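If you want the building blocks of each chain, they are given just below.
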Amino acid sequence: MRTLLIPICAAAVFALPAQADRLPIPANAPPSFAAECGGCHLPFPPALLTAPDWKQVMARLDKHYGDNASLDEKTRRELEDFLVRHAATDRRKAGAGDPPRLTESVWFRREHREVPQAVWNDARVKSAANCAACHTRAEAGSYREREIVVPGLGRHK
Amino acid sequence: MPKVLFLALLAASAAAAAATPQEMINEYAAAAARQSPGFQPSAKRGAEFYAKRFAVSDKMPACTSCHTESPAQAGRHAVTGKAIKPLAPRAEAARFTDAAKTEKWFRRNCSEVVGRECTAAEKADFILFLTEGK
Chain A
1 MRTLLIPICA AAVFALPAQA DRLPIPANAP PSFAAECGGC HLPFPPALLT
51 APDWKQVMAR LDKHYGDNAS LDEKTRRELE DFLVRHAATD RRKAGAGDPP
101 RLTESVWFRR EHREVPQAVW NDARVKSAAN CAACHTRAEA GSYREREIVV
151 PGLGRHK
Chain B
1001 MPKVLFLALL AASAAAAAAT PQEMINEYAA AAARQSPGFQ PSAKRGAEFY
1051 AKRFAVSDKM PACTSCHTES PAQAGRHAVT GKAIKPLAPR AEAARFTDAA
1101 KTEKWFRRNC SEVVGRECTA AEKADFILFL TEGK
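Those sequence lines, one after another, are chains A and B. Just so you know, the first sequence maps onto residues 1 to 157 in the working numbering. Just so you know, the second sequence maps onto residues 1001 to 1134 in the working numbering.
Among the hints, erroneous ones may be present.
For the chain B half of the interface with chain A, some residues (derived, Cβ under 7 Å), not all of them [stated by the list, open to error]:
#, residue
1, 1040
2, 1072
3, 1080
4, 1082
Since the hints were made in silico from the structure, they are not lab data. Computed from a predicted model, the values in this text were never measured in an experiment. No residue lacks a Cβ here, since even glycine has one placed at the ideal position from N, Cα and C.
Throw the hints in and build the complete structure from the sequences for me.
Dropping the structure here:
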């Protein structure tokens, strides 16, 4: 038992940072994902919110964080199915609030705990959901620390 | 008969898929002329529309809120901060080459910024300004 447990723990410890580095957009994303979701913001990795939260987001597109982002039902359904299929299963991605904001999850807040308030307020950042403001390869689904360049502060150290 | 139908469908799908800014100006201008005979698109009116503060939305009072004072420059979404490629076709060749996409963004942005749908006349003026204006 003991010999089995140690490798499992070691794997768990090393798996966590690697998982945060790569948040790829699943290859089976429908073209509407980049065209519709990506029209106004980075098309967020589906793994950043839980399935119930994605359903809630997709049920209220007419009131989408202050914007009317309504879609025809076919496209809405297709995107909801895609997001739900690839949603977070990690409990730390829950608790994102109402309406759900992926920047409010326990996981997100913990990952960004070192970011000073001045950075969030920086005009070049504008929004915590503007991943690409600091994560220079966010568009490619890559969030490695060495790729971070914070406006006003420079490279992550 | 099936051949005629096929050719008609082919022509229709080609028209829907690809277009040029000039074709869009012509189509919107023709629609506007049906409403008010003699309508001619004007880049000057388009420029005024582009610069106008509609002030319907706090965060996006005008086109310039996201697209900057000059549509040939890259812009930035006023809420999310996402980079936006220039709106003017002379700076970004893919602009106004897909009629469905153009309609979609007029629908969304006009309701958000202008507070209503834009008219065919406004759309013709707008695209004309973007193709030749400063």
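Earlier hints that do not hold, by number
Hints 1, 2 contradicted; others consistent.
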